[in-house]
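There are 2 protein chains.
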Amino acid sequence: MTSDDIYYMKKALDQANKAYKLEEIPIGAIIVYDGKIIGRGYNSRNLKKNPLGHAELIAIRKASKYIDDWRLEKCTIYVTVEPCPMCAGAIVQSRIKRLVYGCDNKKAGCCGSILNIACEPKFNHQVEVLAGVMEKECSELMKVFFETLRKNKS
Amino acid sequence: MTSDDIYYMKKALDQANKAYKLEEIPIGAIIVYDGKIIGRGYNSRNLKKNPLGHAELIAIRKASKYIDDWRLEKCTIYVTVEPCPMCAGAIVQSRIKRLVYGCDNKKAGCCGSILNIACEPKFNHQVEVLAGVMEKECSELMKVFFETLRKNKS
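In the order they appear, the protein sequences are chains A and B.
Number 95 in my numbering belongs to position 94 of the first sequence; there are no gaps in the numbering.
Number 133 in my numbering belongs to position 132 of the second sequence; there are no gaps in the numbering.
One chain only, chain A, in its complex shape:
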């Protein structure tokens, strides 16, 4: 873990906070290429009524537009929460070099928790994974969100 990793994870947390304010599950992602943020995204599945509205997919679409290629081979993606199967698959498909994430997702995480799509040796691309960067801040935001959701429902 480098000071850069913490800097960029804070930027991903800014995205997660945008989702939180919109009452969406607070997950954010950014993509970095050559020291520059070229894609940002926050979860907006409910608002957009779109199952593809996860933070990672939005950031990947924007980064591909910037790079003008579907291959993001020299990029790092920072995500506040361990990616789900769809997003872990998209990270492999776009050949992102490195994934840095904050906290584990024990219910749907596919970078070690339930499956490990990011590092599956049978695929044609494996992602370098660093977990646990700003873990406490990332998991705290999720915890507060779900606690508030439960309170409002009861």
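If you are wondering where the hints come from, they were derived from the structure by calculation, not from laboratory data.
Worth double-checking, as some hints may not be accurate.
Since copy identity is lost for identical chains, a pair holds within one copy or between any two.
Here are the computed lysine-lysine pairs in the DSSO-like style, where the Cα-Cα straight-line distance is at most 30 Å [claimed, not checked]:
1. Lys152 / Lys123
2. Lys63 / Lys50
3. Lys108 / Lys37
4. Lys123 / Lys108
5. Lys66 / Lys137
6. Lys123 / Lys144
7. Lys137 / Lys75
8. Lys123 / Lys98
9. Lys154 / Lys50
10. Lys49 / Lys63
11. Lys19 / Lys63
12. Lys50 / Lys108
13. Lys154 / Lys37
14. Lys75 / Lys12
15. Lys154 / Lys98
16. Lys37 / Lys152
17. Lys50 / Lys123
18. Lys123 / Lys137
Quick caveat: nothing in here was measured; it's all calculated off a predicted structure.
The hints should help you fit chain B onto chain A, whose structure is shown.
Showing chain B alone in chain A's frame:
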């Protein structure tokens, strides 16, 4: 397998043929709700320079727009080739009830070949899967595509 399954797989093959004509890997998908096709897609990853340009993701986006919800719980998706991790994950995320596909994808398939994302019991949704519908036609189209690609390269 019903006669409906064959009818709809032919429609997915029509989509795959559109990709073929554009020199994209020939994979097509359609989504059916209450007997009506509400989403169509064909692979356009290279042309669109978008790693999210797989047939299934395009069809899911369109179907969600039609249903006006991210949940596609009463839908069936027909795909000519076994979905990759990203697309299998998107099928789980959108809670599609049933997946029918044509031929296996031994290099990246995640509905039984390498992993089985569609039926993973630890996720909050499992998809009913029927494989092998019009298998020969679906695999033949892929075979001809890659043979032509190799010929043109040599």
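Go through the numbered hints given earlier and state which of them the structure violates, listing their numbers in rising order. Checked against the structure, the hints that fail are numbers 3, 5, 13 and 16, while the rest are satisfied.
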